[in-house]
Each structure stands twice: as structure tokens, then as C-alpha cells.
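A.B. asks: Next come the chains, spelled out residue by residue.
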Amino acid sequence: MRILGIETSCDETGIAIYDEKEGILAHRLYSQIAVHADYGGVVPELASRDHVRKTIPLIKEVLADAKLTAKDLDGVAYTAGPGLVGALLVGCSIGRSLAYGWNLPAVPVHHMEGHLLAPMLEDDVPDFPFVALLVSGGHTMLVRVDGIGQYELLGESVDDAAGEAFDKTAKLLGLDYPGGPALAKMAETGKKGRFKFPRPMTDRPGLDFSFSGLKTFAANTIHKEEMDKQTHADVAYAFQEAVVDTLAIKCKRALLQCELKRLVIAGGVSANTELRAKLEQITAKLGGKVYYPRPEFCTDNGAMIAYAGMQRLKAGVFADLSFKATPRWPLDTLAAI
Amino acid sequence: MNVDMNKPCSAPRTEKEFNLADESATVTFGNKLANIVKNELNHGIVVYLNGDLGTGKTTLTRGFVQGLGHKGNVKSPTYTLVEPYDLGEWQVYHFDLYRLADPEELEYMGIRDYFGAQSNCFIEWPEKGAGLLANADVTINIEYQGEQRKLTISSHTTIGHKLLLGLTE
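So the sequence lines, in the order shown, correspond to chains A and B.
Letter 133 of the first sequence, counting from 1, is numbered 133 in the UniProt record's numbering, and no numbers are missing.
Letter 83 of the second sequence, counting from 1, is numbered 83 in the UniProt record's numbering, and no numbers are missing.
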């Protein structure tokens, strides 16, 4: 069976074709970062208009890349939430309509389920159950995964997402949007030990995160110091170290609490090299292993939506003729299959 | 609440200053605003929040939302633009317009539906929505003062004026 995946929940248009036996046959991504860069962030209405322009041409391109036509497909999966409502509606309406026109089942997919399952697109696939850390600009959460659709939320950010704290601290350091990766680059020349940032909420039990205070700590430090080039790098270093440590402490705690050894990381921040190294280290100490998707499948993409859609398609879970975009949609309300 | 967004205000303008020693002082301040809304005004407020990244705009809003009885988290609305809280009698809408390119975007979000007598709107980066937001009852400016914060609150409407009268050190 083959399925087309459509992702339009935020500022990337991602399209892919997944084959049950052969894996990803083709995938394309159009990033709107350049469109939004002037504004320092994503602009919902611009995002929707851009998805309208890009979705159909990208679908044609992936079909051509895979040397397939609509007749070779068995279903159409699209992100139905959570995300920006206007952006979601583009993918939902195109996905549902194409499925209707092609007489195929339509499969609405939860965006975060897509991220959770993205490591399944790689050769080395984790067995269930595992603990997943989803960490991006909009989300930071720890989830216990017992199977497709069997998700237990273990903890989440009570304020800013980790990626958001990265982007905002980058802005405080004078970097352009999206500043997370640029901050990580800046941190490479930072000196360890000059600044010591707190590790929020690690001194108490529980698996929730809070990153708003780290951004404030960075702001206070920047206001207090003479900010030369080295000091910028030192602040970036200390900030990144604090975020990575905090995420690692909570991941370790979650693995111990669930008595599991497999850790999956996904979402844009999971591409951070320091985070990967630290999580490799803590899982190795526990005799476990960390799994992650290749960098292009860490951020939003169509491949993960096609994969998650395929799992539901195989289980016979499709939409009726209507479609609905759900901007707020808790992951743990999904049905198990 | 008047939804005519361009009507000039003639209410007396007053201003008060507060020193916020730390994060919990910011939360307490938000709490106090909630108590006045509930117990004295019995009317929602529109608050424009100004201050650099990291000064505590969201923290103050958290104090307010929790002061009206919200039990859960108060997440940053940066990525969603608005976080709604339905607290029975009261609604709170927490906006962050930081990423808004053009005020017209607010029309697509249905901004006019958010303002009403029982609704409280806390708006971060209000200048990004200029012309399409309801007038503020009060404007709050938060500034760095070392690790502490200086908060200045000024009123623009009768409701805002009453709110300020209820605020004591």
C-alpha cells in the first residue's frame, strides 16, 4: 500500500509518498522561513496563502519523483491538527478533496503523532514501549508510547517551549529568526563555566518543564554584562548547556520512572548536536539507547504524516466525507489502533 | 465595553508605579488585578502590556488568569498568537502579537469577537495590532531595573481609572 502525506500545520509545506514495504519513495519540503524572516516570526495569514500556492505543485513533484500517478496510491493522509487553523485548513481541504476525487480513503493525522513516529522512518527502529521527548518551537513534552495511538503524557512545558526559549534568547543576543540553530553555532566558541544558568524545575519531583525563566535569566545577564563578542558566545553556551541539561535530567527521570531504556527524540530541537550527545550519554549509562530521525525529518515534514497515516489506514481508520482542522488537540486523546 | 476601536477616550488619566522584586511579585500583581476585576469592577479589562523580552509580561498574565480561578498552566501564546481561558463567568484572552506582520491579520483571526464585558484581554506587543484592537483600559509598562522590575500602569478609561484606585502598594 502507498499513501500520500500532506503537512501544512505551520510554516513548512511538506509532501511525501510512503510505501508500506519500501518506505519513503519521495518527499519534498518547502520552507517559508524566507517569507517570514522579515517579520521575525511566522505570519498566519501569509502562511496559509503560501500553503495554497505550494501544496499542489509539490504533490505533482513528489508523484513525478516517485514515477507514480494518483492511480498508484491507496490513501491520502493530511495533518488535521494541532497548529495554526488557517494553515491546517489548507492541507485538510486539499487532502480531503483529492481523496474524494481519486476515490481513496482520507486519513486525518495528529501532527505530534507524526513527530513521535518519525524515527520509524529510519533503518534502526525502536520497539514499543518507549519514552519520547518531543521538543520544538511550539512544544516540549515527554510521552510514554506503548503503541500507535497509545500515548501517556508524562510531562510538558508549563510556559515556553524549549525551541521558543532558544529563538527568544537568540533574539536577545541579536540573532535573526529562527535563531535557535544560530545560537547553537554561537555557543561553539563560548567558554564553559563563565556563566551558570539555573536548571528549572529539576530540584523538585515531576516531569514538567519551564523555560521562560531561562530566557529571563539570559535577559538579566545581558543587561548586566558588557556584551562583547566573547560574552555573547559565553551567554549562548551557558543557555544551551542549561536547556540541554534540563531536558536530559527529565528524560533520565522519565526512563527510570517508566522502567524503560529506549528514548526517542523528535521535533526541531532534536536536531541540536549538544542535546543528542548528552542524551546518548545518559541513555548509554542506563544501558539503553536513543533513537532519532535524520535531521530533515526532525522538523515538520510530509514523510512523518504519510507514515502515521499509513498506520491508521492499515487499521481501517479513515475520515468520513467531512474534514475538520483542530488547532488544539491533546495527544493523549487519540484512539489506539 | 465599547467595541468602537477608534473612539477617543476622555476619562481621567492616572498613573501608578510599582517595584516588583522578583517573579512571585509579578504573579502577585496579576493576582491583585484579578481580584479587583472580580470584586470591584465586575467588568472585564483590556490591558496593553509593554516590555522587552524577559520582563515578565506572560508571568503577570499568569497571575491574573490564576487569580480568576484557572488551575492549569499558562503557556506562552507566542506560537499560537492567542491562548484562550474560559473560566465560567469570565474569559481571558492572552495575546502575543510579536509575530504579527500586519494588523489586518487580526481580522482573519476574528479579533472583534474577543472583546466583551466579561472578557479580559491581555495583549503583548499591542503596537503590532494598531488600529484593530479595542482601546486599552490600562497600559502596563515593565522595565528592567537590574534583576528587579519597575512596573508603570496608566489608565485610559473610567474602568481603567477604577482599577487603578483599587491598586495599593
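Worth flagging that the hints you see were computed from the coordinates, not collected in a lab.
Don't be surprised by glycine CBs; every beta carbon is placed ideally from N, CA and C.
Incorrect hints may appear among the rest.
Cross-link-like lysine-lysine pairs, in silico, DSS-like; alpha carbons within 27 Å at most [to be verified]:
#	chain 1	residue 1	chain 2	residue 2
1	B	150	A	196
2	A	314	A	278
3	A	185	A	196
4	B	38	A	224
5	A	261	A	224
6	B	150	A	171
7	A	261	A	285
8	A	261	A	60
9	A	289	A	252
Just so you have them, the derived chain B footprint on chain A, three or more residues with Cβ under 8 Å [as the list claims (entries may be wrong)]:
#	segment
10	162-175
11	283-297
A.B. asks: State for each hint whether it applies.
C.D. replies: Going down the list of hints, with the structure as the test:
About 25 Å separates the Cα atoms of residue 150 of chain B and residue 196 of chain A, which keeps this hinted pair within 27 Å; it holds. With a C-alpha separation of about 37 Å, the suggested pair residue 314 of chain A and residue 278 of chain A falls outside the 27 Å cut-off, and the hint is violated. For the suggested pair residue 185 of chain A and residue 196 of chain A, the alpha carbons sit about 19 Å apart, so the restraint of at most 27 Å is met. Annotation: proposed proximity of residue 38 of chain B to residue 224 of chain A is violated, straight-line Cα distance about 39 Å (limit 27 Å).
Taking the CA atoms of residue 261 of chain A and residue 224 of chain A, the gap is about 42 Å. The hint is violated against a cut of 27 Å. Note on residue 150 of chain B and residue 171 of chain A: the hinted pairing holds, with a Cα-Cα distance of about 22 Å set against a maximum of 27 Å. Note on residue 261 of chain A and residue 285 of chain A: the hinted pairing holds, with a Cα-Cα distance of about 10 Å set against a maximum of 27 Å. For a cut-off of 27 Å, the pair hint linking residue 261 of chain A to residue 60 of chain A is broken: about 42 Å separates their Cα positions.
Taking the CA atoms of residue 289 of chain A and residue 252 of chain A, the gap is about 12 Å. The hint holds against a cut of 27 Å. Remark: the segment 162-175 of chain A is confirmed as covered by chain B, as 4 of its residues place a Cβ nearer than 8 Å to a Cβ of that chain, reaching the required three. Here's how the segment 283-297 of chain A fares: 0 of its residues keep a CB closer than 8 Å to some CB of chain B, so the rule of at least three is not met and the hint is violated.
Of the numbered hints given earlier, the model fails hints 2, 4, 5, 8 and 11; all others are met.
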